[in-house]
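Peer 1: One letter stands for each residue in the lines below.
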Amino acid sequence: AQSVTQPDIHITVSEGASLELRCNYSYGATPYLFWYVQSPGQGLQLLLKYFSGDTLVQGIKGFEAEFKRSQSSFNLRKPSVHWSDAAEYFCAVVNTGNQFYFGTGTSLTVIP
Amino acid sequence: DAGVIQSPRHEVTEMGQEVTLRCKPISGHDYLFWYRQTMMRGLELLIYFNNNVPIDDSGMPEDRFSAKMPNASFSTLKIQPSEPRDSAVYFCASSSFLRGYGYTFGSGTRLTVV
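Which chain is which? The protein sequence lines are A and B, in order. Just so we're aligned, residue 1 is where the first sequence starts under our numbering, counting upward by one. Just so we're aligned, residue 113 is where the second sequence starts under our numbering, counting upward by one.
There's no promise every hint is true.
[Stated by the list, open to error] Only pairs whose alpha carbons sit at most 30 Å apart, straight line, appear in this in silico DSSO-like list of lysine-lysine:
1. B/LYS136 / B/LYS180
2. A/LYS61 / B/LYS136
3. B/LYS136 / A/LYS49
4. A/LYS49 / A/LYS68
5. A/LYS49 / A/LYS61
6. B/LYS136 / B/LYS190
Just so you know, the hints here were simulated from the structure itself, not pulled from any lab data.
The following block holds chain A by itself, in its conformation from the complex:
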């Protein structure tokens, strides 16, 4: 069965510091993986996605993610966090029926 685990419920980083949000997936076939960001009071916005090819994918707002099949992971990274990055981040895997399975989310706080 498909599933996504985001082990960190909440993370706090200082502005300008690097960021890594963890995501582990369970999926029998080649996974299609996504990261979404949700700002307070807003819907979810797609940051980046991975289907195949280069395992390091670039997204919007300076984010990137690396697919590691051996670790069943798709961690999200950003080299220097801005205060505006404070939000909830969701990892998701989609099955062949185009149905998404979301993780429980990681809440990011950015301190000055």
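Assemble chain B onto chain A, guided by the hints.
Peer 2: Then chain B, alone, in the frame of chain A:
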């Protein structure tokens, strides 16, 4: 492209009343999804449609919930009668299978049942 449009943005209603949430997907998208988000349960898929046909409604919590998609540009989620535990943010999302997956979400409807 105006994106996925949901209305209303906020809804406050009394217990027992009927509530109807509306969604206009992105033109050309053939999948439409309804999600509910709460602090306790996170994002829950309620139902999804493909080409206006309901494919999986196993996430609909009870018979009080119903969803329709009469045409490719409109869907409704109805709760009748509403209860306080239905208070949540309800998101609609659409997707095109042929465009490499990826949902586009609406801004959500915040429902409060008092």
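Peer 1: If a hint holds in the structure, say so; if it doesn't, say that too.
Peer 2: Hints, one by one, checked against the model:
no. : hint                : verdict
1   : B/LYS136 / B/LYS180 : holds (12 Å)
2   : A/LYS61 / B/LYS136  : holds (27 Å)
3   : B/LYS136 / A/LYS49  : holds (24 Å)
4   : A/LYS49 / A/LYS68   : holds (14 Å)
5   : A/LYS49 / A/LYS61   : holds (14 Å)
6   : B/LYS136 / B/LYS190 : holds (15 Å)
Going down the numbered hints, you'll see the structure goes against none, and every one checks out.
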